[in-house]
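Q: Here is how the chains run, residue by residue.
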Amino acid sequence: MKYQRDPKRIRDALGKKVQFLLGDMACVYGGMLAGCSFFAGYPITPASEVAEGAARLFPRIGATYIQMEDEIGSIAALIGAAWGGAKSMTATSGPGFSLMMENYGYAVMTETPCVIVNVQRTGPSTGQPTLGAQGDMMQCRWGTHGDIEALALAPSTVQECLDFTIEAFNLSEKYRNPACVMTDGEVGHLRERIIIPEEQDLEIIDRVPAIIDKKKFIPFMNSQTIKNCKIPDFPTFGTGYHTYVTGLTHNEKGFPATDKQPDHERLVKRITEKITNDASKLVMVEKLNLDDADIAFVTYGATARPAESAMEIGRKNRYKVGVLRLKLVWPFPEKEIVKLAKQVDKIIVPEMNLGQIVHPVREYAGGNCEVISAPKIGGEMHHPAEIYKYLEGK
Amino acid sequence: MKKEIRICGFGGQGVILAGFIIGKAASVFMDYHAVQSQSYGPEARGGAARSEIIISDEKIGYPRPLGVDCLVAMSQESFDTYRDDITDDTIIIVDPDLVKNHNIGRPLYKVHAQQIAEKLGNKIVTNIVMVGAFTGIFSLLKPEAVKESVIDSVPKRFTELNIKAYEQGFEAGKNAIKEL
Amino acid sequence: MEQITTADELNKKYLRDGMWPTIFCNGCGHGVVLEYTLWALEELGWDMDKTVFASGIGCSSRLPGYINADGLHTTHGRAIAFATGIKAADPDLNIIIFTGDGDCAGIGGNHFIHAARRNIDMTVIMINNFIYGMTGGQLAPTAPLGSIATTAPYGNIENPFDICNLACALGANYVARWCVTHPYQPIKSIKEGLQKKGFSLLEFLAPCPTAYGRRNKLGDIKKHWEWYDNNTILIEDYKKIMQYGTEEEKKELKHKFQIGVFQDLQKPGFFELYGNLVNRLQIKENEPKEGKK
Numbered sequence: 000m001k002y003q004r005d006p007k008r009i010r011d012a013l014g015k016k017v018q019f020l021l022g023d024m025a026c027v028y029g030g031m032l033a034g035c036s037f038f039a040g041y042p043i044t045p046a047s048e049v050a051e052g053a054a055r056l057f058p059r060i061g062a063t064y065i066q067m068e069d070e071i072g073s074i075a076a077l078i079g080a081a082w083g084g085a086k087s088m089t090a091t092s093g094p095g096f097s098l099m100m101e102n103y104g105y106a107v108m109t110e111t112p113c114v115i116v117n118v119q120r121t122g123p124s125t126g127q128p129t130l131g132a133q134g135d136m137m138q139c140r141w142g143t144h145g146d147i148e149a150l151a152l153a154p155s156t157v158q159e160c161l162d163f164t165i166e167a168f169n170l171s172e173k174y175r176n177p178a179c180v181m182t183d184g185e186v187g188h189l190r191e192r193i194i195i196p197e198e199q200d201l202e203i204i205d206r207v208p209a210i211i212d213k214k215k216f217i218p219f220m221n222s223q224t225i226k227n228c229k230i231p232d233f234p235t236f237g238t239g240y241h242t243y244v245t246g247l248t249h250n251e252k253g254f255p256a257t258d259k260q261p262d263h264e265r266l267v268k269r270i271t272e273k274i275t276n277d278a279s280k281l282v283m284v285e286k287l288n289l290d291d292a293d294i295a296f297v298t299y300g301a302t303a304r305p306a307e308s309a310m311e312i313g314r315k316n317r318y319k320v321g322v323l324r325l326k327l328v329w330p331f332p333e334k335e336i337v338k339l340a341k342q343v344d345k346i347i348v349p350e351m352n353l354g355q356i357v358h359p360v361r362e363y364a365g366g367n368c369e370v371i372s373a374p375k376i377g378g379e380m381h382h383p384a385e386i387y388k389y390l391e392g393k
Numbered sequence: 000m001k002k003e004i005r006i007c008g009f010g011g012q013g014v015i016l017a018g019f020i021i022g023k024a025a026s027v028f029m030d031y032h033a034v035q036s037q038s039y040g041p042e043a044r045g046g047a048a049r050s051e052i053i054i055s056d057e058k059i060g061y062p063r064p065l066g067v068d069c070l071v072a073m074s075q076e077s078f079d080t081y082r083d084d085i086t087d088d089t090i091i092i093v094d095p096d097l098v099k100n101h102n103i104g105r106p107l108y109k110v111h112a113q114q115i116a117e118k119l120g121n122k123i124v125t126n127i128v129m130v131g132a133f134t135g136i137f138s139l140l141k142p143e144a145v146k147e148s149v150i151d152s153v154p155k156r157f158t159e160l161n162i163k164a165y166e167q168g169f170e171a172g173k174n175a176i177k178e179l
Numbered sequence: 000m001e002q003i004t005t006a007d008e009l010n011k012k013y014l015r016d017g018m019w020p021t022i023f024c025n026g027c028g029h030g031v032v033l034e035y036t037l038w039a040l041e042e043l044g045w046d047m048d049k050t051v052f053a054s055g056i057g058c059s060s061r062l063p064g065y066i067n068a069d070g071l072h073t074t075h076g077r078a079i080a081f082a083t084g085i086k087a088a089d090p091d092l093n094i095i096i097f098t099g100d101g102d103c104a105g106i107g108g109n110h111f112i113h114a115a116r117r118n119i120d121m122t123v124i125m126i127n128n129f130i131y132g133m134t135g136g137q138l139a140p141t142a143p144l145g146s147i148a149t150t151a152p153y154g155n156i157e158n159p160f161d162i163c164n165l166a167c168a169l170g171a172n173y174v175a176r177w178c179v180t181h182p183y184q185p186i187k188s189i190k191e192g193l194q195k196k197g198f199s200l201l202e203f204l205a206p207c208p209t210a211y212g213r214r215n216k217l218g219d220i221k222k223h224w225e226w227y228d229n230n231t232i233l234i235e236d237y238k239k240i241m242q243y244g245t246e247e248e249k250k251e252l253k254h255k256f257q258i259g260v261f262q263d264l265q266k267p268g269f270f271e272l273y274g275n276l277v278n279r280l281q282i283k284e285n286e287p288k289e290g291k292k
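Residue numbers (numbering that gives the first Met the number 0), protein chains in the order written: chain Y, 0 to 393; chain U, 0 to 179; chain B, 0 to 292.
None of these hints come from the bench; they were simulated from the model. Just so you know, these numbers come straight off a predicted model, no measurement behind them. It is possible that part of the hints are untrue.
Think about it this way: if two alpha-carbon atoms lie no more than 20 Å apart in a straight line, the pair counts; the simulated PhoX-like pairs of lysine-lysine are [to be verified]: (1) B:Lys11 - Y:Lys214; (2) Y:Lys213 - B:Lys12; (3) U:Lys141 - U:Lys118; (4) Y:Lys214 - B:Lys283; (5) U:Lys122 - U:Lys163; (6) Y:Lys286 - U:Lys58; (7) B:Lys283 - Y:Lys7; (8) B:Lys238 - B:Lys49; (9) U:Lys155 - Y:Lys15.
If we strip away everything but chain Y, and leave its shape as in the complex, we get (with noise of 0.2 Å):
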C-alpha cells in the first residue's frame, strides 16, 4: 500500500515536543515530518546515526528505509521512489557524496525531488572520518558535471537540523530539483533542545501533481496547471501517464533528443532557470549587528557559531563588527553580498575548508571592499579567538 502520512502517527514516533537530540537524528524528524516515505542509505561516519534513525523509525509510521549496497544505489533508489510518489532522502559523507555526484546529476536532469543530507567530514578521500568539516560546498553546487542550479542549506544548530531538513523537502518539492542539507561532524554530533513545530505551524510543500488529460499532458515542459511557471507538473508513475524519463537530453515529451544544440539548451536553460527566476524569492539568511558594521563575517553551517562568538568579542572590544549568515547557501544570494560589499570595509569569510565560499562572495562583492579568507581545515571548528584575530588584521 501507499504511504499516507499520518500525523499522529508521525507524532507518536516522534515522542517528547521538546527533545534533547543529535543533530542527525533532527535530520530524520525533519524528514519524516516533511512526509518522507522512503529512505535509502550506506552506513557511513559521521551521517550513520541518520540511517540509523531512520531505521527505528520510519517502519514505525509505515515508511520504508533500506541500507543500500553503496551510495550509488542508495541515491539511485531515491530517485526511483520519487518517480513511485515517494519523498526521499539519504544521509552520507564525502565519499559517499562523492559517489552520489552521477545521479544528483540525473536527478537534476529528470527534474527528480529527493534530499541529500551531508554531514561533512574532511577530506579529500577518507579524510578524518569523525571529524566536521565544510569541504563540499562546492561539489554540492559544481560536483556532478554539466550545467546545473544546486538548493543547499547549511545548519548551524540542531533545531536547524530540523527545519531545514523540512525546508530542503520543501525547495526540493516545489522546484523539482534534490536539495541538500550540508551539514557536518560538529553540528550532526552535536546535542541540544529541540521543539518539534506543531502540526498547524508546519509549512509542507508537495509536488504538483498532473491532473490534466492524458492525450494532452506534456511531462518536460512549463506547468501545465500553474501559469508562467518552468516547473512541469509530476506525473507519479502508476496514475496513467505513461511517462518516459531519461537522463538523455529530451525533448518536451521526455523522448531522447541528443543531436540538436537547440533541444539542449532549450531543456537546460528552463531546468537552470526555474531556479535562478525565483532567485529574489530564495534567499535565507540571518544578519546580526550588520546596522552600523564595517566589518562582516559572511559565514554558514557550524563556522557560524564561533564566528557570532567571535562577532560579540568583537563589539565588545569596539569593533563594528557584523555577521551575515547564509542558511540557504545555494542558489548564492548575489544581491545580498553586493550590498554588504558596498557597506562595509571588509569582509571575512570563515570557513571549515581552504576557502570555498569565499569565492562567490569575493565575485559579488566585485572589488567594492576587501574580502578575506579565514579557512580552518583538520577536523576542528575555528575558535572564536581564531577568527577574532581577523578583526585585528592578523
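Once you've looked at the hints, dock chains U and B against the given chain Y.
A: Coordinates of chains U and B only, in the frame set by chain Y:
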C-alpha cells in the same frame, strides 16, 4: 552564566549518557541553553571517552568548551588525558576506586560511585551515581530536574534502579568534601 | 477486448507511436526479446498503467522508450537500484528491468547481487550479446574466451561471467536463460518470471551482428543463429548426458551454454517481509506500554 562540564571515563562506561542526562536536565527540564558535544576514537569499547556539556542562560555560540568548570572522571586514563586545561577554580570529582592516582596536589571531591552502584546490584549504573554526585556537588541544576531527566533517559524497566543510583549519588555528593 | 494474434497488433497495442524506426541494427536480438516480453504481458493481461519499465544505459536499455508505459531510463548499471525505490514507493506496481551484459553484469554487478540477495520484487531481463554494442564493440564481462572486441583485439583472456549461476547462488526466486532463437519456451518463462514474487532473472542470449558478429566471424545473421544452436543445450539434456553420456559427449558439453530454468523458488519477496515488519511494529505499538527498549 555559562558553565562547562566535562565527564570522562572509558568507552562503554556511559559517559555520553551521563552528559546527555545533564544537558537534557538543563535544557528540557529547566530553562537553560545546553549543548553536548562528544569526542570518540574509532574503538567502540575501551580507550578514553569524554562528553562535554555547556550550560548557559544565553544562546550558546561556539559549542565546544573553552575551559572546564567541572571535571568528572571515571577512569585513570581519561583523568590523565583530559585534565591538562583545568584551572584552580575547576571542581574535580573522581571515583577514587577507578582513578587511583588522583593525588595531583590539590583537593578534589571523591565519590565511590562504582561501590555505590555495586551495592545496588549493578555496576552499570556507576554513571548515574556520578550524575547524582555531580548534581549534589556542583549546585547548578535542580535535583528534581536531573531526576526527571534520568527517568526520561533510561530504559523503563530499569527506572527504579536508576532512581536509586541517582539519589544515592546525590546524597554522596552532598556529603562529599574536598580532600587531597 | 479483441484477441491479439499478430505481431503488428501486438505492437500497436503496446508500443508508442512515432518512435519508429528504432535505433537497433539489422539482425539485432533486442527487438525479439521485447516482442517475447510483450507476448507474455498480453497473455497475462497486465494493466500497463501499473507496469513500469526501468533500464540503465546501452542498447537493451533503450527498450522501455518504445513501450507505451511508464519508463525510467537511468544511469549506467543502476536500473535495479532505481527500481528498488519505485517498488518501495508503490508496491502495487509491476517492475520490469531491461538491461544488458555490460549494464547488469559489468558496471551494475553490485546492485544486481544485492537485489537478488534481498529478493527485491522485480523481473530483470538481461540481454546478453557478449559486447558493449552502443559504444562500438568493447569487451563485455560475459564474452566467451577468445572473443574479439575493440578492447580485446587479440582475443579475450578473461573468464566470462555466468550471471545465472550467480543469481542462483544468491537465492533469487526465479532464474532462467534462453536464446532468442527459441520462441515458445522464453515467452512461457517470462510469464513465470513476471508472476513470481521476489527477484526473477531472465537472461537472453541475443546476437549483435554489428559489434560482436562482424569481429567474430558471425556477421552473417544466419551463421549467428546457428552458433547459438551449436553452443547451447537444454539443462535437462545437459544433466542426462552428464549422467549417462560418454566421456566424449561430456567433453563436448564443456563450452556450451545451458538454457532453461535454473531455479524456481517460492520465498517471500523483500517488500512482503518489510510489510510484515511494519505490521508487527504497529501491533506492538497498540499493545499496552511496558516501557521502551
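Q: Work down the list of hints and note, for each, if the structure agrees.
A: The hints, checked one at a time:
As the CA atoms of B:Lys11 and Y:Lys214 are separated by approximately 17 Å, the hinted pair is consistent with the 20 Å bound. Restraint check for Y:Lys213 and B:Lys12: the C-alpha separation of about 17 Å stays at or below 20 Å, so the hint holds. This hinted pair does not check out: U:Lys141 and U:Lys118 have alpha carbons roughly 26 Å apart, beyond 20 Å. With a C-alpha separation of about 47 Å, the suggested pair Y:Lys214 and B:Lys283 falls outside the 20 Å cut-off, and the hint is violated.
Restraint check for U:Lys122 and U:Lys163: satisfied, since their Cα atoms lie roughly 13 Å apart, inside the 20 Å limit. In summary, the hint linking Y:Lys286 to U:Lys58 is supported, as the alpha carbons are separated by about 16 Å, within the 20 Å threshold. Note on B:Lys283 and Y:Lys7: the hinted pairing holds, with a Cα-Cα distance of about 16 Å set against a maximum of 20 Å. At roughly 39 Å between alpha-carbon atoms, B:Lys238 and B:Lys49 are farther apart than 20 Å, so this suggested pair is violated.
For the given pair, U:Lys155 sits about 16 Å from Y:Lys15 by alpha-carbon distance, which is consistent with the 20 Å threshold.
Hint check: violations occur at hints 3, 4 and 8; the rest are consistent with the structure.
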